[in-house]
Amino acid sequence: MASPASSDHAGRTGTAGLAGLPAPEPKRVQYLGTTWVERGPAYWTRRVLLFVGRCFIVLLLAVFAGSAFYAVAASHLSSGARTATFAGMGALAVVGFGFGVREALALNRSTLTREELRAQRAAVISRRPWLFRLLRLRIILLLLLLPVTGPVAFGFVLSWLPGVSLGRDLPEERPARAALTEAQERYEALARRARG
0 MASPASSDHA
10 GRTGTAGLAG
20 LPAPEPKRVQ
30 YLGTTWVERG
40 PAYWTRRVLL
50 FVGRCFIVLL
60 LAVFAGSAFY
70 AVAASHLSSG
80 ARTATFAGMG
90 ALAVVGFGFG
100 VREALALNRS
110 TLTREELRAQ
120 RAAVISRRPW
130 LFRLLRLRII
140 LLLLLLPVTG
150 PVAFGFVLSW
160 LPGVSLGRDL
170 PEERPARAAL
180 TEAQERYEAL
190 ARRARG
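Note that numbering that gives the first Met the number 0 has the sequence shown beginning at 0, numbered continuously upward.
Be a bit skeptical, because a hint or two may be false.
[What the hints assert, rightly or not] What follows is a set of in silico ranges between Cβ atoms, one per label pair, in the way DEER data are often shown:
(1) R127 / S78: 39 to 45 Å
(2) Q29 / F98: 36 to 42 Å
(3) H75 / A41: 15 to 21 Å
(4) N107 / L145: 56 to 62 Å
(5) S74 / A118: 43 to 49 Å
(6) G39 / G89: 40 to 46 Å
(7) A90 / I139: 48 to 54 Å
(8) A177 / R101: 19 to 25 Å
Treat the hints as calculated values from the structure; they're not laboratory data. Note that CB positions come from ideal geometry on N, CA and C, so glycine has one too.
Please build the complete structure, drawing on both the sequences and the hints.
What follows is the structure in structure tokens.
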């Protein structure tokens, strides 16, 4: 189903525009190009392929998480220590799942562009530079803390990837759609002024 912005744009594509003014052009969105305007078969094909690719990432993480659980189960720990380890890993996965849900909801509600999100992240980094200097070594830290970061990452990805993939719009579409709507409103105002 086409949105109002996409149906307005669909009527003007390929024309010189109203009153000789060039019609607003949609912004290219990563993974979707400009197919998000029309929401036709090409759009849905790309959305399905993107979701399948993201499911593959979740599957890979599930394999790693499963191997971690198997390693604990096959270890020579006592049954009480094994149970405590499983409970800890499960709790960490639930914490990661919660963070993933929170981030997916924030992204799904946001109309910030990728550049604005980067600027926002840079502002957060500038407020706590000592913490992020430590995180520059994140690969080493992730590997050293894998028993903790693995379940958290698995829980996060398990909720975040479907959360940002299965919405009505992808988070990347929303700012582009808002920008196109704003450009169309300015365009129509200019065209009304030019006519009258």
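Distance restraint hint 36 to 42 Å, applied to the beta-carbon atoms of Q29 and F98: Distance hint for Q29, F98 is violated at roughly 23 Å.
Whether the CB-CB distance between N107 and L145 falls inside 56 to 62 Å: With a Cβ separation near 30 Å, N107 and L145 fall outside 56 to 62 Å, so the hint is violated.
Distance restraint evaluation - R127, S78, Cβ atoms, bounds 39 to 45 Å: holds (42 Å)
Range hint 48 to 54 Å (beta carbons of A90 and I139) holds or violated: violated (25 Å)
Hint check for A41 and H75 - Cβ pair distance inside 15 to 21 Å: violated (55 Å)
Whether the CB-CB distance between S74 and A118 falls inside 43 to 49 Å: holds (46 Å)
Range hint compliance [Cβ, A177 to R101, 19 to 25 Å]: Because 23 Å falls inside the window, the suggested range holds.
G39 versus G89 beta-carbon gap, inside 40 to 46 Å or not: holds (43 Å)
The structure does not agree with the numbered hints 2, 3, 4, 7 stated previously, though it agrees with the rest.
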